[in-house]
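Protein chains: 2
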Amino acid sequence: EILGESLGKRTKIMCIGPGGENLVKFAMIGGDTRAFGRTGMGAVMGSKKLKAIVAVGTKKVELAKPEEFKEYVKEVNETLMGIYTSQVFQELGTASNMNLYSITGELPIKYWRGTDFPEEDNISGATMREKYFKRRRHCYSCPIGCGKVITFGENELGLPKGDISGPEYETIASFGSLMDNPDLQKITKANYMCNDLGIDTVSTGGTIAFLMDLVNQGKITASDLDGVDLKFRNMEAVFQLIDKIAKKEGIGEILSKGSNAVGEHFGVDKEQIATINNSEVILHDMRATHGMAIAYGLSPHYGGSHNSCDMYMVSLGGSNEAVGMDMVLPHENSPEMAISAANTMAYRAFYSAYGMCVFANPPSETIARTIELGTGLHFDIERIKSTGKRVLALKRLFNLKMGFTRDMEHIPKILLTPLEGGSEGNVPDVNVLYPEFYKYLDWNPETGKPSKEVIKELELEDYSNF
Amino acid sequence: EILGESLGKRTKIMCIGPGGENLVKFAMIGGDTRAFGRTGMGAVMGSKKLKAIVAVGTKKVELAKPEEFKEYVKEVNETLMGIYTSQVFQELGTASNMNLYSITGELPIKYWRGTDFPEEDNISGATMREKYFKRRRHCYSCPIGCGKVITFGENELGLPKGDISGPEYETIASFGSLMDNPDLQKITKANYMCNDLGIDTVSTGGTIAFLMDLVNQGKITASDLDGVDLKFRNMEAVFQLIDKIAKKEGIGEILSKGSNAVGEHFGVDKEQIATINNSEVILHDMRATHGMAIAYGLSPHYGGSHNSCDMYMVSLGGSNEAVGMDMVLPHENSPEMAISAANTMAYRAFYSAYGMCVFANPPSETIARTIELGTGLHFDIERIKSTGKRVLALKRLFNLKMGFTRDMEHIPKILLTPLEGGSEGNVPDVNVLYPEFYKYLDWNPETGKPSKEVIKELELEDYSNF
Chain A
894 EILGESLGKR TKIMCIGPGG ENLVKFAMIG GDTRAFGRTG MGAVMGSKKL KAIVAVGTKK
954 VELAKPEEFK EYVKEVNETL MGIYTSQVFQ ELGTASNMNL YSITGELPIK YWRGTDFPEE
1014 DNISGATMRE KYFKRRRHCY SCPIGCGKVI TFGENELGLP KGDISGPEYE TIASFGSLMD
1074 NPDLQKITKA NYMCNDLGID TVSTGGTIAF LMDLVNQGKI TASDLDGVDL KFRNMEAVFQ
1134 LIDKIAKKEG IGEILSKGSN AVGEHFGVDK EQIATINNSE VILHDMRATH GMAIAYGLSP
1194 HYGGSHNSCD MYMVSLGGSN EAVGMDMVLP HENSPEMAIS AANTMAYRAF YSAYGMCVFA
1254 NPPSETIART IELGTGLHFD IERIKSTGKR VLALKRLFNL KMGFTRDMEH IPKILLTPLE
1314 GGSEGNVPDV NVLYPEFYKY LDWNPETGKP SKEVIKELEL EDYSNF
Chain B
894 EILGESLGKR TKIMCIGPGG ENLVKFAMIG GDTRAFGRTG MGAVMGSKKL KAIVAVGTKK
954 VELAKPEEFK EYVKEVNETL MGIYTSQVFQ ELGTASNMNL YSITGELPIK YWRGTDFPEE
1014 DNISGATMRE KYFKRRRHCY SCPIGCGKVI TFGENELGLP KGDISGPEYE TIASFGSLMD
1074 NPDLQKITKA NYMCNDLGID TVSTGGTIAF LMDLVNQGKI TASDLDGVDL KFRNMEAVFQ
1134 LIDKIAKKEG IGEILSKGSN AVGEHFGVDK EQIATINNSE VILHDMRATH GMAIAYGLSP
1194 HYGGSHNSCD MYMVSLGGSN EAVGMDMVLP HENSPEMAIS AANTMAYRAF YSAYGMCVFA
1254 NPPSETIART IELGTGLHFD IERIKSTGKR VLALKRLFNL KMGFTRDMEH IPKILLTPLE
1314 GGSEGNVPDV NVLYPEFYKY LDWNPETGKP SKEVIKELEL EDYSNF
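Residue numbers (this note's numbering), protein chains in the order written: chain A, 894 to 1359; chain B, 894 to 1359.
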């Protein structure tokens, strides 16, 4: 903030906190309004002794057709706000679907083993909106504003009495149902601490919930945790551990390396740890929505990302047939599910390159048109699709170069054990979904590498010489 | 039931209860799974001394292309279930949007004057689903099954301990927020009584809530109501009045004629009664979603119907551009809103003729195709649109013949008074919406009659000679 003020109004900052400085494996990078939470990028900055990046804009962005562009964007924004989910995100935020997820089993409960969390209304977006809402928080130029600034006023949690950030769905689920905790204020405190200390809420919550599970099974006790009396619902203990993690204090040293390191330390079967490729998984249970097996297992951010392949939305009606994100019902284990997921992943790879949020989904042809008006290049849906596939293949090539092998796609048993709750005994079948995904994209199922033909077609020869 | 069993499995019944027999103005007709609640059709049957209509099917419906039809319907059902709202209706039923409506002010509170009903979670579709759900209830051949069969088990309300019908949104709002009542079990009892006695829940609830409002203002007391201690939240008193209405007992005689008769009896200003053309309005507050002013004021079922013009859905993203149901944001008072509402009303008029539920919205071209495969007639979107306009104009001609005049479209002040709650001071502007509606359809704004040109174009000459 001090840096920002000294440089004027058009300044944007990315910085790390103690978590990044101390090389916590899941340290995050904080932005002005949003956090780059997952995959430990904060630790990368920390290892380079880079505290912050400050950007000051002085030049104008030149547009091919500035007037038309401006007019058209206005129109697209109107179209966007005409979509049901946009309005729901605006009113209720990312935790709008708490009831539905609770009923379908998409909401994970008590470290992925629970089937009943009747207090989900207490931690819903609606409750946050009705009880604590102050105003919306919009990312730059977004008409939706799904972020929520809230306030608790005077409180006993040690939180500022003024404006604070409302936690998002993933954080609410991590520190809420996953820990059997129905207290939204305490979730908000955990969120506040993680943001302040610069560590990712999903991995922090996932790691601590894993410890709760171990305590619950009698595998560890408080004496294993520097005397911290951790158990499901005890959020005071959670606050203590968050602090220890960021500071790598005592047991925090091991916790700061994530669930798998913790599991190794306590001698736990890896199949009982909810991580994929070392990363705590996101909070949309794949037993309720099978496309997420592909999202977690095969997307470029292994284990970690729902946004790189939001099949939980596609299977709930957020399909986009124009780019092959076909509707497939959530419990299907079919080639169609794999193909839709591959197309969704490619579209979201394009989205990342375009700089667009997955919660904002105007028709794809309008997006192509904005590129045409902005850059002067010819763009259409076919080009969106090929660009998406190209970016996706490029990310895969990069990952391969960095040492990716297909065993990193392994999904542990804890996530594939049928539950009696909302998901009604369903599980994704990776023996169907994975091969069909590779087949559709024409990637080699042994090595994981895109085929020569694909590399040629997507003009990626320069990046594939290994 | 006895009639049905005596005639075998393929029997369908429509019948009236004591309400219809006693000519309660808002008596309903009960079907096997659904009720024809609004506009007092039960009293019409009662006045003709008609207790029930039993239909026994013996013949087959001949289809033009039976095999293709069957295949195609399967496909359409899959498409239908791929829509977000279909899935939400399936899981949570018609009261799925309780949180959102509460926040936007669409949910009416304390007889249309209240702004805060923090207990809406208690009466939501999610709560019904989680606490009392037994199974879905599907109308004939519907894949959604938005109806909910519930059970309270042993209970002190005098309800059967086995299966009972879960109340729908309109009933929940009528006997819930409109009466400041947060008790879902008591709402269910009111619903059960109304169904059992054969009276409409919306008009019954609206009339009793109006009385609560009068009590609240000190205009009447228990002594005006046969000693019944009516006030907001007192549901015991509501149960007593429901019984009196159906039996026309004591004050029930006047209540059985609806809010306007009650208002006249107690000398209340008509502008403070939430009726349009003598009918208690439906529970989507037009201050939150202005298209509903047209739905309530101008649709063929004056005052009474949300389904004849579901602009509350269209403005929430349930638009259908192919038939001119364009998305218009809920607080607009524009020609576009009036035009979208006119097209919506025409489409729903077609839907009624086609025999389709407004909650099931596969793409219009698939509907045209089912007609082609079923009847062999050529059908497309243009024909859907012209059929809709024709049915709508025909209904208007019928209403005119039965004595309709445009002063029946009047919306009382109580519904147009700005509120500080979720609707944030917005009100629909009928001085824009009404004229634009008439202009777009080319109906005469003085008489309300479709123009000669329209009548000719829609081939309705035979029905317009007056």
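No lab work stands behind these hints, which were simulated from the structure alone.
The structure presented is a predicted model; accordingly, all values stated were derived computationally and were not measured.
There may be inaccurate statements among the hints.
A pair holds if it fits inside one copy or across any two, identical chains being indistinguishable in the list.
No farther apart than 27 Å at their CA atoms in a straight line, the calculated lysine-lysine pairs in the BS3-like style are these [unchecked claim]: (1) Lys-1294 <-> Lys-1345; (2) Lys-1003 <-> Lys-1024; (3) Lys-1027 <-> Lys-1003; (4) Lys-1278 <-> Lys-1349.
Report task. Measure nothing new, just compare the shortest in-copy and cross-copy C-alpha distances for Lys-1003 and Lys-1024 to 27 Å and report within, between, both or neither. Result -> both (26 Å within a copy, 20 Å between copies)
Query raised in the report: For the identical chains here, do Lys-1278 and Lys-1349 meet the 27 Å Cα criterion within one copy, between copies, both, or neither?
Result: within (16 Å within a copy, 49 Å between copies)
Requested in this report: State whether the alpha carbon distance between Lys-1294 and Lys-1345 is at most 27 Å within one copy, between copies, both, or neither.
Outcome: within (16 Å within a copy, 75 Å between copies)
Query raised in the report: Quick one: Lys-1027 to Lys-1003, C-alpha cut-off 27 Å, is that within a copy, between copies, both, or neither?
Result: between (31 Å within a copy, 25 Å between copies)
In terms of the numbered hints stated before, the structure departs from none.
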